[in-house]
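J.: Could you build all of it, start to finish, from the sequences and the hints given here?
Protein chains in written order, with the working numbering: chain U, 1 to 310; chain X, 1 to 419.
Just so you know, these hints were derived from the structure itself, not from any lab. Note that the structure is a prediction, hence the values are computed from the model and not measured. Heads up, the beta-carbon is just placed ideally off N, CA and C, and yes, glycines get one too. Check before you lean on any hint, since a few could be wrong.
Said to hold, decoys possible - Derived Cβ-Cβ restraints for the label pairs, each shown as a range:
(1) U/D192 to X/R4: 27 to 37 Å
(2) U/R92 to X/A275: 42 to 52 Å
(3) U/L292 to X/K220: 17 to 27 Å
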Amino acid sequence: MTELLQHLINGLSLGTIYALVALGYTMVYGVLKLINFAHGDVYMVGAFAGYYLGAVIGADRSPNVGKAALVTIGAMAICGALGFVVERFAYRPLRHRARLTALITAIGVSFLLEFGFQLNPLLRAPVEFPPGPAPRFFPALVDLGPPLEPLGATVQRIDILGFVVAILLMLALQWIVYRTRFGVAMRAVSFDPQVAGLMGIPVNRIISGTFVLGSALAAAAGIINASSRPRIEPLMGLMSGLKAFVAAVLGGIGSVPGAMAGGVVLGLVEEFVAGYTSSRYRDAIAFTVLILVLLVRPEGLFGKGKVEKV
Amino acid sequence: MSFRRALSAAAVLLTFAACEQKKSAPSAAPAAGQGSAAPGATIWFGHVGSLTGQEATFGDSTDKGIKLAVDELNSKGGVKGKQVDLKTYDDQGKPEEAALAATRLITQDKVTVLLGEVASSRSLAMAPIADANKVPHITPSSTNPKVTKDGEKTRPYVFRVCFIDPFQGTVMAKFAKEKGIKKVAILRDVGNAYSVGLADYFLSKFKDLGGTIVNDQSYKAGDQDFKAQLTAIKPKAPEAIYVPGYYTDVALIARQARELGIKVPLMGGDGWDSAKLFEIGGQAIEGSYFSNHYSPDDPSPRIQDFIKRYKARYGAVPDSMAATGYDAAMVAGDAISRAKDMTGEAIAEAIAATKDFPGVTGVITLDKDHNAVKSAVVLEVKGGKAVYVATVTPDAPAGAAPLPASAPAPAAQPKPAPY
Numbered sequence: 001m002t003e004l005l006q007h008l009i010n011g012l013s014l015g016t017i018y019a020l021v022a023l024g025y026t027m028v029y030g031v032l033k034l035i036n037f038a039h040g041d042v043y044m045v046g047a048f049a050g051y052y053l054g055a056v057i058g059a060d061r062s063p064n065v066g067k068a069a070l071v072t073i074g075a076m077a078i079c080g081a082l083g084f085v086v087e088r089f090a091y092r093p094l095r096h097r098a099r100l101t102a103l104i105t106a107i108g109v110s111f112l113l114e115f116g117f118q119l120n121p122l123l124r125a126p127v128e129f130p131p132g133p134a135p136r137f138f139p140a141l142v143d144l145g146p147p148l149e150p151l152g153a154t155v156q157r158i159d160i161l162g163f164v165v166a167i168l169l170m171l172a173l174q175w176i177v178y179r180t181r182f183g184v185a186m187r188a189v190s191f192d193p194q195v196a197g198l199m200g201i202p203v204n205r206i207i208s209g210t211f212v213l214g215s216a217l218a219a220a221a222g223i224i225n226a227s228s229r230p231r232i233e234p235l236m237g238l239m240s241g242l243k244a245f246v247a248a249v250l251g252g253i254g255s256v257p258g259a260m261a262g263g264v265v266l267g268l269v270e271e272f273v274a275g276y277t278s279s280r281y282r283d284a285i286a287f288t289v290l291i292l293v294l295l296v297r298p299e300g301l302f303g304k305g306k307v308e309k310v
Numbered sequence: 001m002s003f004r005r006a007l008s009a010a011a012v013l014l015t016f017a018a019c020e021q022k023k024s025a026p027s028a029a030p031a032a033g034q035g036s037a038a039p040g041a042t043i044w045f046g047h048v049g050s051l052t053g054q055e056a057t058f059g060d061s062t063d064k065g066i067k068l069a070v071d072e073l074n075s076k077g078g079v080k081g082k083q084v085d086l087k088t089y090d091d092q093g094k095p096e097e098a099a100l101a102a103t104r105l106i107t108q109d110k111v112t113v114l115l116g117e118v119a120s121s122r123s124l125a126m127a128p129i130a131d132a133n134k135v136p137h138i139t140p141s142s143t144n145p146k147v148t149k150d151g152e153k154t155r156p157y158v159f160r161v162c163f164i165d166p167f168q169g170t171v172m173a174k175f176a177k178e179k180g181i182k183k184v185a186i187l188r189d190v191g192n193a194y195s196v197g198l199a200d201y202f203l204s205k206f207k208d209l210g211g212t213i214v215n216d217q218s219y220k221a222g223d224q225d226f227k228a229q230l231t232a233i234k235p236k237a238p239e240a241i242y243v244p245g246y247y248t249d250v251a252l253i254a255r256q257a258r259e260l261g262i263k264v265p266l267m268g269g270d271g272w273d274s275a276k277l278f279e280i281g282g283q284a285i286e287g288s289y290f291s292n293h294y295s296p297d298d299p300s301p302r303i304q305d306f307i308k309r310y311k312a313r314y315g316a317v318p319d320s321m322a323a324t325g326y327d328a329a330m331v332a333g334d335a336i337s338r339a340k341d342m343t344g345e346a347i348a349e350a351i352a353a354t355k356d357f358p359g360v361t362g363v364i365t366l367d368k369d370h371n372a373v374k375s376a377v378v379l380e381v382k383g384g385k386a387v388y389v390a391t392v393t394p395d396a397p398a399g400a401a402p403l404p405a406s407a408p409a410p411a412a413q414p415k416p417a418p419y
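T.: Shown next, in the form of structure tokens:
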């Protein structure tokens, strides 16, 4: 029972990270029909942004909630800006080309971020940038106290905080997408960008806004993950990004509640299969799920089957 | 329009060309950086190391140790009257790159001796190339026995100055038994020949000594989350967990184990040896043990003197990678001075005849399998550093224990391993 509960807790912790990153994938796909493979690396940049900001404001010496919030919001802002720049210079010029072109560009941006961050530091002060390939220790931003122990399982308080923050962010996103004018505009652009433009919607601004939003969420995921698993390195976004993409597909790519559900389900499945059968298949599970979803129900859990009318 | 296209294409090509140059990191030697040895002028040592990548401290430390050795050889008048120079290539932690770098050092830079790598997977990629080109290859700290062997026979040009995993596995097994530990769980890195081999040797020796392995879990290098495996291990109540992996993963594993309430010590091998282990592992790794090639606490004057010289040059205490790198370069220099001429065969013969060479990681004698017969030390993590606990000497000659038949094959490498 304890073991089951512990696996459940671990799976939820893992799942919230996947869910947060999957939201970015799903939003961008919904609006642009583009799978932004660079998104996993934006998550990595978010973790490093948090690391640098933490170093600059001295969060490792005197952790407190205020500094943690400042670091998180700062990292989200930095990644939002990164998302804006990437969209503006890598994707917008290719918007009227074949979709494959944009996809390959996305992979190119992904490599640029990954290998750019692995270069040896060119700038030494105020921070060492780029960070170089060696893993770094992400200091705790806030000291929450000893872990809780329900029924013999252990839950780290940072995991609970992470979970709560993730839920709040997802609810905030839901509110933005379904209850604000910006959200209406986003949904209109995802429906048909040309007609939306004719209706007076500033399509470019909406698309930029979508990228900014998705990237900010990825940054938050990066910080939450780095607080709980404190090793960051330039390639950390590779696997997590791919698994979040699988989560988005599982939940129905293009659907916001789908991404959340897909993330949590994938996290739980990975944890239970790795824990109860052989842990060798840990990474294989995510991709097995992808293949099964595409074979059995390609629109995902929450997606609507699209019937192409000729 | 097409002029603009041509211009961008040219820019892209130039960028690629520029990127290619960045890979080589020549030492601060007066050589023009071209690499190919003018006949008779300098003796070139080639080093392939993981200067970047996950285990960057391995390559970096080894390189520092080799550089110190090369400078000391030169200050004593060089080898056979010629100055020694070093060319280092970064393999980025990937076996394919290690093979490429080895090929480049041999064919383009015409090195006399090839040094490297720390990780067995990468040394395995380099060994066949050294053999095929008849260039002596010394690995400073790869411990998987397959590195010096081609199937059943010993590779004529590949040597190592450290012990091998059949011995290293027994070191921790014996140590655990002596501490009264009877139940151990194993958490191994499946993608890594070193980790899989070492885990298997530990497993067989520990069972021979009467212990039980309560669980055997796997992970992949670079994983962030080990809680699934640790949660499965916890209810089996092991008295220790054997984690024969590399320091970056071990540090996180230790943290997550403590977070789950697993309080028993972890045990491991020489892959733990890095300053980053303590930085990332923090309080979680305290009280754990690992086997290693040498300990800076050793009072022997030869070792303390080496530490003093290394500290004077680099400002840090050498880890075992630096020490074995130093020894490998010194053994190479010594062999070349004994060799009857400068051909690969003669030098290989001289290296194979190395006997009682006073290294800083112990007295080095190479056996018929080109492996060094040496003792291992067991270190404990205490107060943020590795503290000497015990020395374990090899009992059987060459310390070779037969690999159990049920051992799983190592994960796929670019060159198929002879299994």
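J.: Would you mind marking each hint as holding or not holding in the structure?
T.: A quick look at each hint next to the structure:
With their beta carbons about 33 Å apart, U/D192 and X/R4 fall inside the hinted range of 27 to 37 Å. Our hint of 42 to 52 Å for U/R92 and X/A275 holds, since their Cβ atoms are close to 45 Å apart. For the hinted restraint 17 to 27 Å between U/L292 and X/K220, the CB-CB distance of approximately 22 Å keeps it satisfied.
The structure meets every hint from the earlier list without exception.
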